[in-house]
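Peer 1: Numbering follows the working numbering, with no gaps: position 561 of the sequence shown is 561.
Since the hints were made in silico from the structure, they are not lab data.
Hints may be right or wrong, so weigh each one.
When the alpha-carbon atoms are kept at most 25 Å apart in a straight line, the in silico DMTMM-like pairs for lysine to aspartate or glutamate are as follows [what the hints assert, rightly or not]:
#1 K387 / D164
#2 K123 / E372
#3 K609 / D116
#4 K95 / E578
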Amino acid sequence: MRLGRKLSFRILKKHKWKLIVAIFLILTINSLYRKIAFTPTHYAAVCEPIDVVYTWVNGSDPAFISSINKYDPNFDPARFDDKNELKFSLRSVEKFAPWVRNIYIVTNGQIPKWLDLTNERVKIVPHEILAPNSQWLPTFSSAAIETFIHRIPNLSNRFLYLNDDIFLGSELYPEDLYTDSEGVRIYQAWIVPDCAEDCPWTYIGDGACDRHCNIEACQYDGGDCSEEINENADDNKSKEHLQFINANKKISTNVEIKMFPKNNHLPHHNYGNHNISFKNILLQNKNLSETGDLKLVVDDFNKKQQSKFHQKIQDKSVVQEKPIRNKSVNSSQDVYSQSLIKTNMLLNQWYGFRARNVLAHVGFLLEKPVIEAMQAKFYKEITATAKSRFRSPNDLQYAFAYYSFLMEETKKVTVREIFNEFDTDHSMTWSDREIRTFLAKIFQLPLDWSAVRFFEDVIHNCSLLHKSDVGNNIQYTTVMYERYEDSNLPTVTRDLVENCIPLAEALDNNFALRRKYKYHVNPKHYIHNNFMMLTSNLTDVVNALDKIRRNPRKFNCINDNLDSKSSEENELIRHLLEDFYLSLFPQRSQFELLPKYRNRFENWKDYLKWRRQQRAILIVIYGLSFLILVYLLRSICIHKAKFVSRCIQKL
Numbered sequence: 001m002r003l004g005r006k007l008s009f010r011i012l013k014k015h016k017w018k019l020i021v022a023i024f025l026i027l028t029i030n031s032l033y034r035k036i037a038f039t040p041t042h043y044a045a046v047c048e049p050i051d052v053v054y055t056w057v058n059g060s061d062p063a064f065i066s067s068i069n070k071y072d073p074n075f076d077p078a079r080f081d082d083k084n085e086l087k088f089s090l091r092s093v094e095k096f097a098p099w100v101r102n103i104y105i106v107t108n109g110q111i112p113k114w115l116d117l118t119n120e121r122v123k124i125v126p127h128e129i130l131a132p133n134s135q136w137l138p139t140f141s142s143a144a145i146e147t148f149i150h151r152i153p154n155l156s157n158r159f160l161y162l163n164d165d166i167f168l169g170s171e172l173y174p175e176d177l178y179t180d181s182e183g184v185r186i187y188q189a190w191i192v193p194d195c196a197e198d199c200p201w202t203y204i205g206d207g208a209c210d211r212h213c214n215i216e217a218c219q220y221d222g223g224d225c226s227e228e229i230n231e232n233a234d235d236n237k238s239k240e241h242l243q244f245i246n247a248n249k250k251i252s253t254n255v256e257i258k259m260f261p262k263n264n265h266l267p268h269h270n271y272g273n274h275n276i277s278f279k280n281i282l283l284q285n286k287n288l289s290e291t292g293d294l295k296l297v298v299d300d301f302n303k304k305q306q307s308k309f310h311q312k313i314q315d316k317s318v319v320q321e322k323p324i325r326n327k328s329v330n331s332s333q334d335v336y337s338q339s340l341i342k343t344n345m346l347l348n349q350w351y352g353f354r355a356r357n358v359l360a361h362v363g364f365l366l367e368k369p370v371i372e373a374m375q376a377k378f379y380k381e382i383t384a385t386a387k388s389r390f391r392s393p394n395d396l397q398y399a400f401a402y403y404s405f406l407m408e409e410t411k412k413v414t415v416r417e418i419f420n421e422f423d424t425d426h427s428m429t430w431s432d433r434e435i436r437t438f439l440a441k442i443f444q445l446p447l448d449w450s451a452v453r454f455f456e457d458v459i460h461n462c463s464l465l466h467k468s469d470v471g472n473n474i475q476y477t478t479v480m481y482e483r484y485e486d487s488n489l490p491t492v493t494r495d496l497v498e499n500c501i502p503l504a505e506a507l508d509n510n511f512a513l514r515r516k517y518k519y520h521v522n523p524k525h526y527i528h529n530n531f532m533m534l535t536s537n538l539t540d541v542v543n544a545l546d547k548i549r550r551n552p553r554k555f556n557c558i559n560d561n562l563d564s565k566s567s568e569e570n571e572l573i574r575h576l577l578e579d580f581y582l583s584l585f586p587q588r589s590q591f592e593l594l595p596k597y598r599n600r601f602e603n604w605k606d607y608l609k610w611r612r613q614q615r616a617i618l619i620v621i622y623g624l625s626f627l628i629l630v631y632l633l634r635s636i637c638i639h640k641a642k643f644v645s646r647c648i649q650k651l
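Please model the complete structure; the sequences and the hints are all you need to start from.
Peer 2: Set out below in structure tokens:
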């Protein structure tokens with residue numbers, strides 16, 4: 001026995017480093033395997049990681065009820081009632097979007113009792129680590145919470161924002177949300193609610209005076225009534241204005257034949273006492289939306305109209321006293337409509353008057369750099385929304401503002417860049433074919449010979465001036481067949497175009513403004529989403545749920561609008577809803593605990609405290625293990641040293 005032990009000890013001492021390396025490799029391989037095992041099945045097919053962000057609250061929690069009572073004793077408990085929507089939404093994501101990387105659940109510190117906190121793909125994120133200012137907390141406004149969800153640590157650059165009342169009903173692919181060729185896919189629904197009764201946004205700024213829209217809530221009909229109210233208005237200018245509007249509905253694409261468009265700027269935006277309509281102001285300032293100066297124009301115009309016509313507006317018909325803003329805003333639906341109207345008015349100030357569409361009830365793919373740019377532009381409104389503890393009619397509707405910003409924000413390219421786009425052969429000169437392309441894009445078709453002659457005259461005049469400024473040392477490569485047989489044009493170089501004021505202005509006015517972000521509005525949004533309002537009417541609920549069963553779509557939203565007074569019906573509807581969810585997603589997801597288990601932590605602070613204790617225990621264990629290892633190594637070294645010294649003594 002002693003001999004066997006001695007042999008084993010000698011073998012261990014002889015191969016101890018090999019054993020240490022083997023153990024290290026085993027631990028490393030095990031760690032890698034665990035990471036691969038937790039990776040989504042189809043994640044390899046996704047070029048860029050996409051996370052999912054939920055906002056969730058448990059309105060039945062006594063601590064939450066106590067907290068909200070401090071700020072609003074009359075709150076509606078049904079507004080925050082939890083019906084396990086988040087659990088089934090997570091099941092739908094696992095089933096129909098397995099390519100999702102991580103899932104973040106933004107809460108006020110609450111933790112769902114069924115959530116498996118050991119799953120590496122799901123994380124609870126409390127408001128307190130996201131809010132820019134701790135004084136804004138606690139907040140009970142979803143609009144306020146949305147303003148800082150992009151601040152989640154380690155969140156992917158693009159992330160899918162889902163409300164807990166939305167679940168997936170069919171396969172969702174990254175291409176349904178974003179493609180490199182088209183950009184973000186946008187799913188729109190109805191037009192923003194009317195700013196006043198019988199006054200849709202299509203009436204605002206359309207060139208025709210609608211007296212019942214000439215109120216502050218409708219931004220004074222976009223200035224359409226200003227020339228009728230102002231007794232000193234110039235009738236000739238009004239007639240010319242109306243003719244121009246009828247001939248050209250889209251001011252940004254107006255090109256006058258036989259001359260290049262002129263670049264008219266109003267640097268100070270001070271119109272004094274001139275009798276000019278807002279539409280004429282926009283016609284003279286086509287590029288204001290790119291610089292942000294359009295907001296100054298709109299604000300200045302609205303202030304003048306408000307002060308000039310305030311008394312006359314007070315004396316007008318009673319119809320003007322019926323805007324939506326005077327209605328009760330107690331219900332969440334009224335608050336939502338009002339915030340949409342306020343947001344649309346803000347967008348009108350920055351981008352001009354137009355009727356905009358509300359987004360459909362789908363998941364929103366958001367991008368952090370775009371969010372930061374939008375929040376920088378609407379900083380005042382974003383801050384006011386973030387400070388609100390409860391939803392307010394003056395809130396900025398986050399998703400609506402985000403996608404409107406994404407669609408309407410522009411950038412400006414230089415004349416040199418525009419020249420290079422037409423220079424398809426990269427010769428740094430324009431051939432006759434490239435010039436033909438330019439003329440076809442800037443003048444009306446079919447091209448008139450006078451337009452060609454006008455272009456030739458401009459080039460000849462500019463070339464004479466350009467020769468006196470630039471020497472003839474620069475040599476340009478002449479491409480074969482670059483000129484037509486009867487062409488008498490000089491070499492149209494990039495420097496010539498940049499220094500030719502009429503031509504440079506034509507390029508700048510017609511081609512400089514571009515979309516800043518790529519996007520694609522899906523024309524068939526209705527085939528991708530279902531929307532249902534959950535009421536206390538049992539028959540309506542059963543029929544609506546059966547319709548979703550019959551045709552589940554990519555995004556399905558069941559919005560809670562139960563009457564808090566119908567407690568018996570609500571309890572039955574709760575069971576019906578649970579049965580409906582189980583019919584679609586009966587199997588437990590990887591994010592849930594087993595049915596017989598319950599999460600021991602219902603608050604993030606308790607969970608964080610427990611994790612700190614676990615870390616402390618692990619540190620102690622690792623520290624002791626390290627000390628034991630050092631002691632063993634020291635003992636081995638001492639033993640070796642003694643063995644060597646004995647061998648030396650024997651010699």
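Peer 1: Holds or violated: are the alpha carbons of K609 and D116 at most 25 Å from each other?
Peer 2: Holds. K609 to D116 sits at ~17 Å (cutoff 25 Å).
Peer 1: Regarding the pair K387 and D164, is the alpha-carbon distance no greater than 25 Å?
Peer 2: Satisfied, since the Cα-Cα distance of roughly 23 Å is no more than 25 Å.
Peer 1: Checking one constraint from the list: CA of K95 to CA of E578, max 25 Å. Satisfied?
Peer 2: holds, 18 Å
Peer 1: Holds or violated: K123 and E372, Cα atoms, limit 25 Å.
Peer 2: holds, 23 Å
The structure is consistent with each of the numbered hints, conforming to all of them.
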